[in-house]
Amino acid sequence: MTNEFLPPGLALQKADEKIMTLNVGPQHPGSGHMRIIVQIDGDYIVACDPDPGYVHRGEEKMAEYRNYITNIPHLERPVIHDSCNVLYPYVLGVEDLLGIEVTERAKYVRVICSELNRCIYTMYWLAIYGIFLGHSTMFMWPAGDRELLIDLMEKISGARVTHAHFVPGGVRNDLPPNFEEVCLRQVNYFEKRIREYAAVFYDNPILISRTQDTGVLSREDAIRLGVTGSVLRASGVDYDLRKKEPYDVYEELDVHSNVMKEGDSYARSKIPWLDMLESCNIIKQALEKMPKSGSVRVKLKPNPKGKGLNSVYKRVESGRGSLGCHIVSDGKVEPYRLKLSVGSFRNLIALPYLLKGEKLGNMPSVYWSLNYWPVEADR
Amino acid sequence: MMSSTNTEQITIEEKPAEEKPAEEKPAAKPAAKPAAKPAAKPAAKPAAKPAAKPAAKPVELPEFEKNISDKIVEKFGDKIVVSFVKENRVGINVDKENVHDVARFIRDELNYDHVESVSGVDYPQDKEIEVVYHIGSYSDPSLASQLIVLATRAEREENPIPGKDATRLPTLRDIFYSVEFHEREVFEMFGVYFTGHPDNRRLLLPEDWADLPPLRKDFAIKGR
Amino acid sequence: MTPENANVFIGKLGDILEKAIDTPLGYAINWGRIWSLWPVHIETACCSVEFGAASSPRYDVERFGIIEAFGSLRQCDLIVVQGTITRKMAPRLRLVYDQMPEPKYVIAMGACAITGGLYFDSYNVLPGIDGILPVDVYVPGCPPRPETLIQGCILLQEKIKRMKARKFV
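Residue numbers (the working numbering), protein chains in the order written: chain V, 78 to 456; chain H, 34 to 257; chain Z, 13 to 181.
Bound conformation, chain V alone (with noise of 0.2 Å):
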């Protein structure tokens, strides 16, 4: 097969004598919904050019032809199993511009409605995470632990991952009777499951020799690439958007983050695991500081409009990092123009400059402790 019959992604590139080009991706069982174009010297890595973009949907454009309250399904498509933190900066932006104040109780219930999301979404990359490392129990185990928290969330917005639940004035329905103590037993039970996993996992020696001392971002150059979330704080980063720039009821809650100096691939895929002890706690005060009765959703008017030219930028911590929004308005019912700054996109940029000097049989425990979500990068 020669190269002018094949699309120009497609085409065989010419390399070196010593030097192989490989395509790891779209089709391959460590890659994702996206293509690496490595090129290796034997074993080693010594180049990567990331290749996105293939589930790239144009939500930016489609914003702009929808109102604000449209916009909701589609939005948070880009990671239906986060889909409420993804909703969240939108949400708040949407209020900010609109000037709505939402009520107490309901700024409660979406904070609990986010981290359980949040443990939805870790769960199911800790699942990917552990079977791409080869290690199926660790596919098995948080994938049907996470279903515990998807009964959960399904009782509240009636839908397994695309909830929805999040609009501009609040929450789109009142916690269903008897939900406190059914997610407190829930919440109790998975805490007890997945400080489990340290045994199986994180203690187990074959996942710490193939994680520990590969791929090291330093301090230095995770804040100059960027990174967000778990690999920036895995580099000894503490910046947790929850406590350096509290939205909603989080400067009431005692949030802990989880930092770690090492900045290795182990330290990256053990902070999400941290992180979900934290959101157990979260959930824990949160129920109980949350006011017990009251509504939960202001009312809109029908098609809202924005407030002559007016931008905002609202950023959330998500499963993936801090996720921003910048809605810029111009009067009308539509945004005039709809930015999503994702976490998954922003990590990507590490992703060269870690696999650089790695064995090409590190890319997966790499790649994948990046908390990247393809789909959501692309938007």
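I should point out that these hints are in silico values taken from the structure, not numbers from a laboratory.
Think of the CB as a built atom: it goes at the ideal place given N, C-alpha and C, for glycine as much as any other residue.
Wrong hints could be hidden among the right ones.
[To be verified] Some but not every residue of chain H turned toward chain Z, in silico, with C-beta under 10 Å:
no. : residue
1   : 109
2   : 237
3   : 238
4   : 239
5   : 240
6   : 241
7   : 242
8   : 244
9   : 247
10  : 254
[Unchecked claim] Derived BS3-like pairs (lysine-lysine); straight-line CA-CA distance at most 27 Å:
no. : chain 1 : residue 1 : chain 2 : residue 2
11  : H       : 160       : V       : 321
12  : H       : 119       : V       : 409
13  : H       : 119       : V       : 320
14  : V       : 384       : H       : 99
15  : V       : 366       : V       : 409
16  : V       : 384       : H       : 160
17  : H       : 160       : V       : 409
18  : H       : 119       : V       : 384
19  : H       : 160       : V       : 320
20  : H       : 99        : V       : 321
[As the list claims (entries may be wrong)] Non-contacting residues of chain H with respect to chain Z, defined by C-beta distances greater than 12 Å in every case (computed):
no. : residue
21  : 99
22  : 190
23  : 253
Got chain V sorted already, so can you dock chains H and Z onto it with the hints?
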């Protein structure tokens, strides 16, 4: 057998290209529509707003953010315009000639160290494309919640040839390394070429994309 | 017997044998196929989350003979298109399909794979995969629940049972 496969691929690739004439037709309408209404507002904004706002209600401005904007104003004077000072956000508009110096000042003197987001905003009525950098800081704990919203504008051409026309801006990659992929995205989505960026390649769109840059206002999606 | 007559005779005999053997043998072959469907491991969009959940312990699609996603496409005979197909992914998807050995079956999972779904007006999304792949079973939903996917797999097995084992070209 392989050749039959390839012809099928090529037909798939060409299918969206057939829509191009249909897309060009409504292109005139959305371009004209926003031009009618908010035409005066964005043009008046950089000049009128900062003058009116601090003068009218200086007390309401948050203290810390005011300090930051004052430092920048002190250094650059009338080369920049402070567009807004809100809680945790300082908005600065700057010409493309000075954006490099301002960014360097923000990094070296004010301790900001990374760019969170680079978003382009198309203003066809002004014949300009605005590029907005949201600059934050990891290393300085007092600035953790602060963002500087640095906006600059590039000339906009009606018939863009991305990379070869006058829609150009100086890159900030040598100052904030973290803009690398963000600027590549702005290049393909708006056609803004960043001079000095070593890697102005396509990132998210298909390799054979031959249409207008999709996030421009005159690129209308089908059926709308 | 002349050579021409012999050819006719052998041809007739072949037809009779085919009618007599093909149906029961085809049934046996198809029976073998339906319990070992190997889906190829290609994720195209966000429905892969629910595809992953379908092979999790709670839903466990393996008990119906659909084995979880497999890396090497040369040994696969099922492709589950998990969601939106963008213009960048479409040629790759077709390339993957062409490299799979016969017989091969296609399940279109999710509204985006069927019609474009929520992204019907996006500039980079194909309106369904009908234009590039011959689809056997459509599984609706955005995203489909794992139960729906399992039902789609069972429908595909029913369909394979009724199919001819050999392809006449």
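We went through each hint and held it up to the structure:
no., hint, in the structure
1, 109, "40 Å, violated"
2, 237, "8 Å, holds"
3, 238, "7 Å, holds"
4, 239, "4 Å, holds"
5, 240, "7 Å, holds"
6, 241, "8 Å, holds"
7, 242, "8 Å, holds"
8, 244, "8 Å, holds"
9, 247, "5 Å, holds"
10, 254, "5 Å, holds"
11, H:160 <-> V:321, "39 Å, violated"
12, H:119 <-> V:409, "22 Å, holds"
13, H:119 <-> V:320, "20 Å, holds"
14, V:384 <-> H:99, "24 Å, holds"
15, V:366 <-> V:409, "38 Å, violated"
16, V:384 <-> H:160, "23 Å, holds"
17, H:160 <-> V:409, "20 Å, holds"
18, H:119 <-> V:384, "16 Å, holds"
19, H:160 <-> V:320, "41 Å, violated"
20, H:99 <-> V:321, "19 Å, holds"
21, 99, "43 Å, holds"
22, 190, "20 Å, holds"
23, 253, "9 Å, violated"
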